[in-house]
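**Student:** Here is what each chain is made of, one letter per residue.
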Amino acid sequence: MDRIVLIGLNHKTAPVEIREKFAVVCVDTSGPLMNLGQMRALRESFYLSTCNRMEVLFTTPRLDEGISAVVGLLADIYGQTGSALKPYLYTYIDQDAVKHLYRVACSLDSMVVGEPQILGQIKDAYRQATEAKTSGVILNRLLHKSFSVAKLVRTETRIGSSAVSISYAAVELAKKIFQELQGRIALLIGAGEMAELAAEHLLSNGVERIVIANRTLERALALAKRFNGTTVGWDELAEELRRVDIIVSSTGSPEPILSAEQVRQRMRARRNRPLFFIDIAVPRDIDPEVNRIDNVYLYNIDDLQGIVEMNQAERFKEAARAEHIIAAEALKFDGWLRTLEVVPTIVSLREKAEQVREAEVRKTLSRLESLSDEEVEAIELLTQSMVKKLLHDPILFLKRTSSRARKDYYLDVARKLFHLDLDRAETEEEEDQLSLDSDKMS
Amino acid sequence: MNESLLLFSVITTLLYAVGTVGFLIYVIRTEKVIHRIAYGFLLAGFLSHTLGLAMLVSQIRQMPVTTLPQTFSLFAWAIVGSYLAFQLKFNIRILGTFVSPLAVVFMLLSSAIPGRVIPNSQLFKSFWLTLHVATMFIGMAIFALAFCAGIMYLLQERQIKSKSFGLLYRRLPSLEVLDSLNYVCLTFGFPLITIGFISGFVYAGAVWQSFWHWDPREILSVVTWLIYAVLLHERLAVGWRGRRAAIMAIIGFSVILVTFVGTSLILEVHHSFKLG
Chain A
1 MDRIVLIGLN HKTAPVEIRE KFAVVCVDTS GPLMNLGQMR ALRESFYLST CNRMEVLFTT
61 PRLDEGISAV VGLLADIYGQ TGSALKPYLY TYIDQDAVKH LYRVACSLDS MVVGEPQILG
121 QIKDAYRQAT EAKTSGVILN RLLHKSFSVA KLVRTETRIG SSAVSISYAA VELAKKIFQE
181 LQGRIALLIG AGEMAELAAE HLLSNGVERI VIANRTLERA LALAKRFNGT TVGWDELAEE
241 LRRVDIIVSS TGSPEPILSA EQVRQRMRAR RNRPLFFIDI AVPRDIDPEV NRIDNVYLYN
301 IDDLQGIVEM NQAERFKEAA RAEHIIAAEA LKFDGWLRTL EVVPTIVSLR EKAEQVREAE
361 VRKTLSRLES LSDEEVEAIE LLTQSMVKKL LHDPILFLKR TSSRARKDYY LDVARKLFHL
421 DLDRAETEEE EDQLSLDSDK MS
Chain B
1001 MNESLLLFSV ITTLLYAVGT VGFLIYVIRT EKVIHRIAYG FLLAGFLSHT LGLAMLVSQI
1061 RQMPVTTLPQ TFSLFAWAIV GSYLAFQLKF NIRILGTFVS PLAVVFMLLS SAIPGRVIPN
1121 SQLFKSFWLT LHVATMFIGM AIFALAFCAG IMYLLQERQI KSKSFGLLYR RLPSLEVLDS
1181 LNYVCLTFGF PLITIGFISG FVYAGAVWQS FWHWDPREIL SVVTWLIYAV LLHERLAVGW
1241 RGRRAAIMAI IGFSVILVTF VGTSLILEVH HSFKLG
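Residue numbers (the working numbering), protein chains in the order written: chain A, 1 to 442; chain B, 1001 to 1276.
What the hints contain is simulated information worked out from the structure, not anything from laboratory work.
We treat Cβ as the ideally placed atom computed from N, Cα and C, and that holds for glycine.
Please note that a few of the clues may not be correct.
Claimed, not checked - Under 10 Å between C-beta atoms, here's a sample of chain B residues computed to sit facing chain A: (1) Gln1156; (2) Gln1159; (3) Arg1170; (4) Pro1173; (5) Leu1175; (6) Gly1239; (7) Trp1240.
Stated by the list, open to error - Derived lysine to aspartate or glutamate pairs resembling EDC-like cross-links, with alpha carbons at most 16 Å apart: (8) A/Lys86 <-> A/Asp64; (9) A/Lys399 <-> A/Glu341; (10) A/Lys151 <-> B/Glu1031; (11) B/Lys1161 <-> A/Asp303; (12) A/Lys151 <-> A/Glu329; (13) A/Lys175 <-> B/Glu1176; (14) A/Lys352 <-> A/Asp421; (15) B/Lys1032 <-> A/Glu156; (16) B/Lys1163 <-> A/Asp302; (17) B/Lys1161 <-> A/Asp294; (18) B/Lys1163 <-> A/Glu172; (19) B/Lys1163 <-> A/Glu309; (20) A/Lys175 <-> A/Glu208; (21) B/Lys1163 <-> A/Glu289; (22) A/Lys389 <-> A/Glu351; (23) A/Lys389 <-> A/Glu354; (24) A/Lys332 <-> A/Asp96; (25) A/Lys332 <-> A/Asp421; (26) A/Lys151 <-> A/Glu323; (27) A/Lys399 <-> A/Asp412; (28) A/Lys225 <-> A/Glu196; (29) B/Lys1161 <-> A/Glu172; (30) B/Lys1161 <-> A/Asp302; (31) B/Lys1163 <-> A/Asp303; (32) A/Lys12 <-> A/Asp109; (33) B/Lys1161 <-> A/Glu289; (34) A/Lys99 <-> A/Glu354; (35) B/Lys1161 <-> B/Glu1176; (36) A/Lys407 <-> A/Glu341; (37) A/Lys99 <-> A/Glu329; (38) B/Lys1161 <-> A/Asp287; (39) A/Lys388 <-> A/Glu351.
Could you build the full structure based on these sequences and the hints that come with them?
**Tutor:** Below, the structure written as structure tokens:
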């Protein structure tokens, strides 16, 4: 029986210098990883490459040969020998490979656990694999399953619902105040690294414009250029409160920069539109009294850290539930995999035919009470030999198909044709749904 | 009240009650399905309610406000109807949790209070009265929504200001959405109750030859109107919003409740629904 293998590296096992090498090469659809399909040791293959990870998933009849072929290919890309790359790689086989793929799809293995992009990236990668025709019966089923497991985890747990970095927490709060950030203006006071990060995050969440105020104008201009924003003089800071909605303050100033009175005075001119202060400076830049003003909300670094910790604790709890779902689903996949063997398929085919035969005979005989024992015997024999003759050719065909890839395919078809899997109807529906999804995406 | 009407009222109350329970479960387990089921029950209750009211109207051939139970029932109907409509437009799932108990309370009040059926009176057959009842009830129902939005706003704001987040933080929508719900309710409700007042005065003038009787309900009604007028004015003129607007909407509806429920139950006033 073919083995399922997953070889990869991620942000936990490999530093960025190594990850970026793969990231650059693998985005290219004509890149070296496309050669996976031509490798003789591999039956089916699929690869995923993002900035934080690279995963190669394949099935192979000859385990050692398959692994060394793939490691060799990766070493070529890396430009080193296989043994130099080995410490950064992980290799999972069969159930473990299935579990790992599920964990990746559910975003349990992500740098930011619960972030939703990874599923889309897997779907894109899978579409490439289907276009290159490198995936077959097993990987098709496995990837479709990984999508539905990810969906299941997302609806059954709250893994994706809490922010686990300061910037995320700030944006989440801003959305609870403003609903959406489109059209809002953010003011950065101070131009440190923290401010840059926050600005980036706010812009990617829809903030329309960034205004920068800094004691040294050069630095402010540099940041303004980078974020396509404008600058404002240090003395006009308070006046700027009439126009902006979100203020991120991160100066090294030992004294508060804005007093509650300065803020209160501007609220009327703002027609009381809400103001959200994010004070990540230590010592604090904004007078804490500001939080008492109607429609003004002030969060300092500790407040945000508190939210982050609360969310992390929740994610930890939810991740445990997700792991449980994944383990159960991996077992189910294993069960399906076993059915792709000739003998179990023939057994269930015979069982099914016998069930049908028995039921029909019983129905008929119950209507024909006058029959003698001999006649009953004859009917039994007749039906038995009909079933046997009908099944003879399909069974022989399944036994004789020798090529593995074709065998998987025919076994799969046979099980579908004779409806041998009880949960089949349900899975098929899922698969239809997923292929519709991918149609939409393309 | 004949038996089928009673049956409709019981079924309606039950459907509203099940819907309310569903909305309460939704707070604990935020699943779309639960919300959809609760909404479905409320919708089914509303349909049965509408049928019951239609039967009642065809029987008494006038607006169903001749007794206090009828009035409360009509108010519950208006609240649920406005909620169902607003929910379609705004899709604030948690709103149902706050609104549906109100409907249940009014249905229970309606069945708990004995209602004297008064003889068919020409007093109730007037265009002005029909207009008065229709606009007042829909207007008050919309203010009931503003009241719920106000409570939700205060709950959510307190969590954000105090930085302690409870169960409701994720469930409740953003302050912006709650505040705009307050505003939309105001812009729909205020014109409606204004028309309601005018038609009421015209009707009173026609029936009793006098617009104003100094009865407590009339006085409180004017107070209500003034509260909402001030809120609307301040919102438009100086941009009142947020907490203050929420508090005003809560006070406004509380005065409505006192006017509408309190005076009917306690005082035998001129305007009492029992006397007509």
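**Student:** Next step is simple, just say for each hint if it's right about the structure.
**Tutor:** Quick rundown of the hints versus the structure:
With its C-beta approaching chain A no nearer than about 7 Å, glutamine 1156 of chain B sits inside the 10 Å limit, and its interface hint holds. With a least beta-carbon distance of about 9 Å to chain A, the hint placing glutamine 1159 of chain B at the interface is held under the 10 Å criterion. The beta carbon of arginine 1170 of chain B is positioned within 10 Å of a beta carbon in chain A (closest approach about 7 Å), and the interface hint is therefore held. For proline 1173 of chain B, the shortest C-beta to C-beta distance to chain A is roughly 7 Å, which falls under 10 Å, so the interface hint holds.
At its closest, the beta carbon of leucine 1175 of chain B sits 5 Å from a beta carbon of chain A; the interface hint therefore holds under the 10 Å criterion. For glycine 1239 of chain B, the suggested interface contact is upheld, since its CB lies about 3 Å from the closest CB of chain A, less than 10 Å. With a cut of 10 Å, the hint placing tryptophan 1240 of chain B at the interface with chain A holds, because the nearest CB-to-CB distance is about 7 Å. Between lysine 86 of chain A and aspartate 64 of chain A, the direct Cα distance comes to roughly 15 Å. Compliance with the 16 Å bound is thereby established for this hinted pair.
Between the alpha carbons of lysine 399 of chain A and glutamate 341 of chain A the distance comes to roughly 10 Å, so the proposed pair stays at or under 16 Å and holds. Distance check on the hinted pair: lysine 151 of chain A and glutamate 1031 of chain B sit about 14 Å apart at the alpha-carbon level, within 16 Å; holds. A threshold of 16 Å between alpha carbons decides the hint, and for lysine 1161 of chain B with aspartate 303 of chain A the separation of about 11 Å falls inside it, so the pair holds. A threshold of 16 Å between alpha carbons decides the hint, and for lysine 151 of chain A with glutamate 329 of chain A the separation of about 12 Å falls inside it, so the pair holds.
Using a Cα cut-off of 16 Å, the hinted pair lysine 175 of chain A and glutamate 1176 of chain B holds, with the two alpha carbons roughly 9 Å apart. For the given pair, lysine 352 of chain A sits about 11 Å from aspartate 421 of chain A by alpha-carbon distance, which is consistent with the 16 Å threshold. Taken as a hint, the lysine 1032 of chain B and glutamate 156 of chain A pair is honoured in the structure, with Cα atoms around 12 Å apart against an allowance of 16 Å. Of the pairs offered as hints, the one joining lysine 1163 of chain B and aspartate 302 of chain A holds, with about 11 Å between alpha carbons and a cut-off of 16 Å not exceeded.
Proposed proximity of lysine 1161 of chain B and aspartate 294 of chain A is supported: the alpha carbons are some 10 Å apart, at most 16 Å. For the hint linking lysine 1163 of chain B to glutamate 172 of chain A, the alpha-carbon distance of about 13 Å falls within 16 Å, and the restraint holds. Of the pairs offered as hints, the one joining lysine 1163 of chain B and glutamate 309 of chain A holds, with about 13 Å between alpha carbons and a cut-off of 16 Å not exceeded. Annotation: proposed proximity of lysine 175 of chain A to glutamate 208 of chain A holds, straight-line Cα distance about 14 Å (limit 16 Å).
A hinted pair counts as satisfied when its Cα atoms are at most 16 Å apart, and lysine 1163 of chain B with glutamate 289 of chain A qualifies at roughly 14 Å. The hinted pair formed by lysine 389 of chain A and glutamate 351 of chain A meets the criterion: a straight-line CA distance of about 15 Å does not exceed 16 Å. The straight-line distance between the Cα atoms of lysine 389 of chain A and glutamate 354 of chain A is roughly 13 Å, inside the 16 Å bound, and the hint therefore holds. Proximity of lysine 332 of chain A to aspartate 96 of chain A is assessed by CA-CA distance (about 13 Å); at most 16 Å being required, the pair is judged to hold.
Distance hint between lysine 332 of chain A and aspartate 421 of chain A is fulfilled; the C-alpha atoms sit about 12 Å from each other, no more than 16 Å. With a CA separation close to 14 Å, the supplied pair lysine 151 of chain A and glutamate 323 of chain A stays within the 16 Å bound. Among the hinted pairs, lysine 399 of chain A with aspartate 412 of chain A is consistent with the structure: their alpha-carbon atoms are about 14 Å apart, no more than 16 Å. Distance check on the hinted pair: lysine 225 of chain A and glutamate 196 of chain A sit about 12 Å apart at the alpha-carbon level, within 16 Å; holds.
With a CA separation close to 15 Å, the supplied pair lysine 1161 of chain B and glutamate 172 of chain A stays within the 16 Å bound. Only pairs whose Cα atoms come within 16 Å are accepted, and lysine 1161 of chain B paired with aspartate 302 of chain A is accepted, the gap being roughly 14 Å. The suggested pairing of lysine 1163 of chain B with aspartate 303 of chain A holds, with an alpha-carbon distance near 7 Å, which does not exceed 16 Å. A hinted pair counts as satisfied when its Cα atoms are at most 16 Å apart, and lysine 12 of chain A with aspartate 109 of chain A qualifies at roughly 9 Å.
In summary, the hint linking lysine 1161 of chain B to glutamate 289 of chain A is supported, as the alpha carbons are separated by about 12 Å, within the 16 Å threshold. Proximity of lysine 99 of chain A to glutamate 354 of chain A is assessed by CA-CA distance (about 37 Å); at most 16 Å being required, the pair is judged violated. At roughly 15 Å between alpha-carbon atoms, lysine 1161 of chain B and glutamate 1176 of chain B fall within 16 Å of each other, so this suggested pair holds. Taking the CA atoms of lysine 407 of chain A and glutamate 341 of chain A, the gap is about 8 Å. The hint holds against a cut of 16 Å.
The straight-line distance between the Cα atoms of lysine 99 of chain A and glutamate 329 of chain A is roughly 8 Å, inside the 16 Å bound, and the hint therefore holds. In summary, the hint linking lysine 1161 of chain B to aspartate 287 of chain A is supported, as the alpha carbons are separated by about 15 Å, within the 16 Å threshold. Pair hint lysine 388 of chain A plus glutamate 351 of chain A holds up; C-alpha atoms about 12 Å apart against a cutoff of 16 Å.
Violated hint: 34 only; the structure is consistent with all others.
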